[in-house]
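Using the hints, put the two standalone chains together into the complex.
If you read the sequences in order, they're chains Z and W. One point on numbering: in my numbering, the residue at position 264 of the first sequence is 270, and numbering is uninterrupted. One point on numbering: in my numbering, the residue at position 133 of the second sequence is 121, and numbering is uninterrupted.
Everything labelled a hint here was simulated from the structure, so no lab data went into it. All the pointers check out, no bait thrown in.
30 Å max Cα-Cα, derived BS3-like pairs, lysine-lysine: (1) Z:Lys162 / Z:Lys38; (2) W:Lys237 / Z:Lys110; (3) W:Lys237 / Z:Lys23.
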Amino acid sequence: MPSAVDARGIVKVYEGKVRALDGADLQVTSEKVFALLGPNGSGKTTLMRILTTQMPPTEGSALVMGHDTVRGGADIRRIVGYVPQEMSVWTDITGYENMLIYAKIYGIPSESRRQLIDEALEGIGLSEVADKLVRSYSGGMIRRLEIASALLISPKILFLDEPTIGLDPMARKVVWEKLSSFKREFGTTVFFNTHYMDEADLYADEIGIISRGRIIRTGTVAELKRSVGGEVLLLELEPDGIGPQLMEQLRAVASVKEAVLGESELSVIADDAETALPGVMRLLDGSGILVRKVSMSAPTLDDVFLKYAGTRLESNSRIADIAKVRQTIRRG
Amino acid sequence: MTPLRDVIVMVELELRRIRHDRAELYTRAVQPVLWLVVFGPVMGALRAIPTGGVPYTDFITPGIIVQSMAFISIFFGLTVIWERESGILKKLLVTPLPRSSIVIGRSMSSGVRSTFQMLIIVPIAMLIGVRIIPNPLYFLAAIAVIFFASGGFAAISVFIASIMKSRERFMGIGQAIIMPLFFASNALYPVEMMPPILKALSSVNPLSYIVDAVRSLLITGDLAQLPMDIAAIAIFDVAMFIIASISFKRIIK
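So here's chain W without its partners, still in its complex pose (with noise of 0.2 Å):
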């Protein structure tokens, strides 16, 4: 299982930088804990959205997770691109490292920082009132879809790279990406409420298998659509990361 072993590797040296350096865990979960704190009370006492008897910020908690894994995930590009401005990407590719196993390991090790993320947001949102299921199990696979997912978007964000050399026009299209996919998404709102193109949209996004995924297991616990989720999640992860690797040619010239 060579692969699964480099993936491994590469998901080692993430967890090591995290170890050295966590200020930037501490940074990005400012933005998410405002949705929660703020946006969430806010718009949930309006009583506005119907959310099948689940009080409006648990509905957005998963919402805001996977919000914060895309972020994470669609930036992780700009660590591919400074990894070739250095030396050590062209340092990677003479090593016995399958050019795919490299473009995999470095995407999955996205899932490492937005495991993290998740474990920071969800005891924050308990605190705040949230009911998140008490069942290890859930919260578990939880983690795993989020981790999995993250690896689909760092994918597309090693697209991005190979076509977008600099660091700036970078950072405009990754928001360019995120912010459409999550306002198209059952992510602030049920699908159900949608107007009829959004709502199609919406079928063919990533982002809403995922928050679905993530909400059956944290909130709701009606895993009824949750197989569907996870084929949707696995479908997105092994198109992206075939996609990545052909563009990676692009990135190593």
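Extracted from the complex, chain Z is given alone in its bound form (with noise of 0.2 Å):
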């Protein structure tokens, strides 16, 4: 099946300053629930504007069902769905009204506007809202609004920068409900950027991970489980204790593959954590360290972040995510 994204050697310069992708190369199959999972700032949002046709690579190409962003940039349009992270319908407006004027930028023949958009509202389960100003609409309202709207057209292929973030969790579902169904229905891919490793666990086939500018690997979500590899060893321990020798050092314990340190715990994959757990508690001892609690786990997406971006993505509070994100905008 051919690709429905296809990024190769993405760089992206900002105002010959700020280097937000630097060299990122990217394939998503056709069809498939595809999550690009990182940081804020790692250059997520840059890399979806950039396939959505808003503005041109600094180096580098990309193709989206075929068409190039830069040269092909009105066939893309035609066909893409587009959810930006930050609000994107009027709010001084009804909610049908916005479907209404996206139906007629898109150029929905006035005798299948009407059905069509109650389709859509009623599918995205807005109907009984859709004469009431957008101003009253809760957050997650509005999110599927703007997702009905992108819906619209039935895009091939759907982008959506953060859907859920501001979501409160029943929000969160009924948003990823909704997407799912339709994607069953037509078959369309969905390309969704996120910073919540549960959501892209959830929800994505496949998911790629970024971390500066770059996609450091990408795959299912359980190849990339399996590519962390065995089980992994939580340690909580009392903060600035372990130097890099002694990082080594753990890193030679039998049947350890990778350890990784963070603020407060230390993160060791194991093939067989049983087997590492008297090594690993031996060293630390013997160097003075007190380990509060120690926990096993089979490897999370975090733990796959760990191993290939070395660090863990922060769980900010979802308020404080779109404050950073209000603050980014207005920065410009």
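Rendered as structure tokens:
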């Protein structure tokens, strides 16, 4: 099956200074749900804005559904749906009117307009509030309206930038249920950016990990977890204990594949955690480091991220996220 | 005629917004009404300004309509800044709308607000005794002049928005552009009264042509200069649309 997205060597430098993307390569399979996972500032939004033809890359090129994002921009814009991270509907008109304006922008003929809009609003569960001002909607309802308007043209590929940022868990669940049912029905490729691992884990068929402007690994969730291998030991420590030399010794313990130090916890990835644990404990004890708590688990996407990007994805509170987003925008 | 269709969609959007919130139309009418009701009669009583036989308040009514249009349009960029901070502009960029249609369409939607403003000011002017030429064709033509001229000023505002990315700075610049243009135009006094330098400036001031066109259609009925006024407004609009379309790239970065 041809790739829905095929990006090669994408570099984006803003105003000759900020290098947001640093040679990103990415292939996304058609008709899959793809998650681009990475922390804030890793280049996710920039890559999506290039793929959706909003701006050209500084270097490199990308194909979306076979069209070049620079030369074939007009072709791409006719077949993609896009929901930016920030709110993208007019709040001083009704939900129905928002859909109507977008239907007219897309040139949907007047005889099928009303029915298409009604179906889209029905499908996303907004029929009852269609004639209310968007100003009175909750965050989750606004997101669903945005998705409905992106789905109006039955896009071949749907781009969602942090689709559930700022939403409570219930609203997140509803958004994803609607997206999944739409995807099942139309076979649309879904490409979404997120920094929530659980979201990528639950809803994505394939995941790309992005860090500092590069795609460092792609694969299915299972593949990625398997590639971390074995199990993960998480040790909570008294802070400020471990030097580089001790880290090397830890990595040399039997069955240990990788050891990464966080702020106050040590993650040890091992083929067999039970075999590794005594050796790890002995080393820590011998260096006088106090271990408060040990837990063992199967690898999560966070461990995958840790292994390939060398850091953990921070889990900021959602409100802080939005504040940060707004600030970034204001700074321009 | 896709570009025309695009502009009509943007105009429809603006009409729908106004329908849901009319309060802004009324609050924005306060200032022009003060000019009409206070400034006009007081200055008129002095009989210091030669208006060619037209009562002074009648003489300045077109100027006040045009001033109100210019303010509405120049602050339209605030809407564009807001749409940029939210995701609306990003989303519009990913629709089949050509970028020039986005710029011209968004600019022309300020023409909708200016037209409504005119529809509020004219009846008030008539109430206080301003004699408007009772010819509906002339009146419709004056509306068209205001509508299209508004697009040109809104395009200036899009250009300013591409440079000034904060609202506060934007407000200051907007005032600093419109007030000098207003005072250096024929809105409040005939050009013949001005010192030579101002007279020269007035001949390249778009507001003078707009005021002249509206005045001839609403008050004097002397259409001799109208073709030249319309040509000047058309050149102004096209030039501003081009500048705004070019600068638009900066906004979306």
